[in-house]
Amino acid sequence: MTCIEFMELIEPYMEDKLTTVEREAFEAHMETCEACRITFQNTVIVIEELREIETELPTGFHSDLMGKINELNDEQEVIPLTTGKKRTKVKPQWLAYGSAAAIFLIFLASGGMELSPREMQEAAMEPAATTANAEMLDRSGTREFAMDEASPEEQAAMAKNGEEYAGDALEEAPSVMTAEAPSLAMMALDYSTLILEMEMPLADGRSLAGIQTDLLKTLEEYDGTFLEPDDLSIDFLFVLPRSAYDLFLRDWESMYPDAIVNEQLNNIDDFAQQETAIYERIADAKQEDDDRLVKAYEKELDDLYKQIDQVTVYLRLDRNGKE
Amino acid sequence: MDKQQEFELIKEFQRGNIQAFESLVLGYEKSVYGVCFRMLKDREEAYDLSQEVFIKAYKGLSNFQFQSKFSTWVYRIATNACLDYLKKKRVDVAFSLNQTIGEDEFTPEMADETAPEPQAELDRKEVQEQIGDAIGQLSEKYREAIILRELEGLSYEEIAEITESSLGATKTRIKRGRERLREILEEMKLQAAGIVYENRKG
Chain A
1 MTCIEFMELI EPYMEDKLTT VEREAFEAHM ETCEACRITF QNTVIVIEEL
51 REIETELPTG FHSDLMGKIN ELNDEQEVIP LTTGKKRTKV KPQWLAYGSA
101 AAIFLIFLAS GGMELSPREM QEAAMEPAAT TANAEMLDRS GTREFAMDEA
151 SPEEQAAMAK NGEEYAGDAL EEAPSVMTAE APSLAMMALD YSTLILEMEM
201 PLADGRSLAG IQTDLLKTLE EYDGTFLEPD DLSIDFLFVL PRSAYDLFLR
251 DWESMYPDAI VNEQLNNIDD FAQQETAIYE RIADAKQEDD DRLVKAYEKE
301 LDDLYKQIDQ VTVYLRLDRN GKE
Chain B
1001 MDKQQEFELI KEFQRGNIQA FESLVLGYEK SVYGVCFRML KDREEAYDLS
1051 QEVFIKAYKG LSNFQFQSKF STWVYRIATN ACLDYLKKKR VDVAFSLNQT
1101 IGEDEFTPEM ADETAPEPQA ELDRKEVQEQ IGDAIGQLSE KYREAIILRE
1151 LEGLSYEEIA EITESSLGAT KTRIKRGRER LREILEEMKL QAAGIVYENR
1201 KG
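Going line by line, the protein sequences match chains A and B.
Quick note: the first sequence uses the numbering used here, first residue 1, plus one each step.
Quick note: the second sequence uses the numbering used here, first residue 1001, plus one each step.
Simulated from the structure, these hints should not be mistaken for lab results.
You may find that some hints are simply not true.
[Stated by the list, open to error] Restraint ranges, calculated between C-beta atoms of paired labels, are given here:
{"no.": "1", "chain 1": "A", "residue 1": "E300", "chain 2": "B", "residue 2": "I1055", "range": "44 to 52 Å"}
{"no.": "2", "chain 1": "A", "residue 1": "N70", "chain 2": "B", "residue 2": "R1076", "range": "53 to 61 Å"}
{"no.": "3", "chain 1": "A", "residue 1": "E300", "chain 2": "B", "residue 2": "Q1004", "range": "26 to 34 Å"}
{"no.": "4", "chain 1": "B", "residue 1": "R1076", "chain 2": "A", "residue 2": "N73", "range": "22 to 30 Å"}
{"no.": "5", "chain 1": "B", "residue 1": "T1072", "chain 2": "A", "residue 2": "D290", "range": "17 to 25 Å"}
[Stated by the list, open to error] Among chain A residues calculated to face chain B with C-beta under 10 Å, some are:
{"no.": "6", "residue": "E8"}
{"no.": "7", "residue": "R51"}
{"no.": "8", "residue": "N70"}
In this text, a Cβ means the ideal position worked out from N, Cα and C, and glycines have one as well.
Pulled out of the complex, with its shape left as it was, chain B reads as follows:
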């Protein structure tokens, strides 16, 4: 669906044609669910929350002012909903994680653990699962940035707009998010995908 079609549909909806909503959201359901799942790490919670996201969109669409892209608007509702939800749940995995693998606590002693055993090749699914786990271990703002950039393929500018942050902060978060992910995966000794356990002190 191109921007023109979206524009028409939104106008239709605002004129009272409720059916227009369905066509609009069909294109975003997978993305919104994906974002929610990756942020919340739980399929059921993600299901419920992403449904809520669309209902919020439904209720708010009559006031949509076209000041941003429709997609930006939808993504923003989704990310805000996720962050609010997580805040409520107070899932601060980052805190507990940093106590063990904090950037400033990565010591040579830890690196001297027994060398990783050669593993049989993990298949694709397991690799993805581990990467999914790793994403879930990022702190929330990093997780959000990585999801929008690498999973949703959005540009830096779009992500900055969605998260209502500066371009600089966005780029920093993506960069740091990638670094943390790499560290987490190295720590998880994900050899099969080619990632080598590396005792680097940087």
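Okay, chain A solo, but in the shape it has when bound:
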């Protein structure tokens, strides 16, 4: 038995999973090879020590937690878009433009990244999000539908029902809001997990999963490292052999614009948190009847959504908003 083989058998040996023959060979090797014996002993010690570790729960943890939970129950809940459930009186302008799924469909239908974020917002401002979806699916490949307005009959009907036609006024959100519409911020939160699960089509017909497969093969050939796709989280990139990492990075960067590769992607979950924080401030300001402050925060929210625009245009997410 070589030392390398010995190393591979340490785990199963400790779990009693070796055959009699293997076990005897393992123990024999240990007897003659001091380096391996020490390695084995050290491994056992490490594991034993690990299992001895106790972490104390800080005092007050439980009462602190219960306090927060009781607060949650008491106060009027401002549940932000990140849970996609209830709404406060503040209307998020983003959602008002139509469900995020609709925006995604427009994006696809436009054949890629041809629509600017503003155009996409305008396109999504259909009065009835669901019929708009169906139309978009039928007319994929053309840009014209994106600029459709409601027909005069539809407008009249809506006026009768007291609904606003929101075709022109970007500031006035339609009063009907899809309560279940998933927020793009929420979807963006899961981007880093999604990107590994979905086979997202990239330029030149390559998919991210395809790049991953190439990378795994490269690693196997390069240094005999066998990895599962699961191992390819972004963090894991940092423990790859240098050349494989470079290969991956080169492919990755060529497929995505800088906005993705740099800070912005890592700040996506910051967006969701900022969104929440601004909502809470708006609610507070409204309670205090401070209109000036409310307007200031709404502007902040608007700017935040513009930022999100920039990033999410490239993300091509398709989620139903489930956790």
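Chain A is already provided as a structure; the job is to place chain B on it using the hints.
The following block gives chain B in isolation, referenced to the frame of chain A:
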């Protein structure tokens, strides 16, 4: 608390009895905090994050579908929260560590450093501290696997479910995590616990 009791409590909660939540989580607070602390390496951050974990659990429990064990569900919220948090913080210790003690960079020259001096016996606490440090030096997926396996005592299957990975990937991570830990501790010359500094090239 057995599974039946947990089931009852969750049902109670879903029926609107908010108090049921408290009994449910009492049993998990130490574990969740422990996982967060070992992943984040900072007590304060771990405190805040683990509180958040339970609040997420509180908000999500009404939709709990019993498709997994409650414990699995809670652990998953915790590990996901930790990984997200770390991603944000971009603590890539593994990267900088591998530049000095990379598996493919462990050369005989490094091993020829002066032999470790005999040390007085470190006491238990110091040993644990060093092991804690070593855990913190693992890359995140390995760290997660080791924490769930050796600190929380979970089975491979449970860990695979929590981390939403295959059984094979889970076993590999635990195995490699242990190997890295051993290497790190050997490098730290942790003699007192019996670990011998070993200039092995494998």
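Self-check item: N70/A paired with R1076/B, Cβ distance criterion 53 to 61 Å
Solution: Distance hint for N70/A, R1076/B is violated at roughly 25 Å.
Quiz item: Has the hinted range 17 to 25 Å been met by the Cβ atoms of T1072/B and D290/A?
Solution: Violated: the Cβ-Cβ distance is about 46 Å, outside 17 to 25 Å.
Quiz item: Per the CB criterion, is R51/A less than 10 Å away from chain B?
Solution: Holds: closest Cβ of chain B sits about 6 Å from R51/A, inside 10 Å.
Quiz prompt | E300/A paired with Q1004/B, Cβ distance criterion 26 to 34 Å | solution = violated (50 Å)
Quiz item: For the hint on N70/A, does the least C-beta distance to chain B fall short of 10 Å?
Solution: holds (9 Å)
Practice problem: Return the status of the interface hint for E8/A: holds when the least beta-carbon distance to chain B is below 10 Å, violated otherwise. | Solution: Result: holds, 9 Å to nearest chain B Cβ.
Quiz item: Is the gap between the beta carbons of E300/A and I1055/B within 44 to 52 Å?
Solution: violated (25 Å)
Self-check item: R1076/B paired with N73/A, Cβ distance criterion 22 to 30 Å
Solution: holds (25 Å)
When held up to the earlier numbered hints, the structure conflicts with 1, 2, 3 and 5 and fits the remainder.
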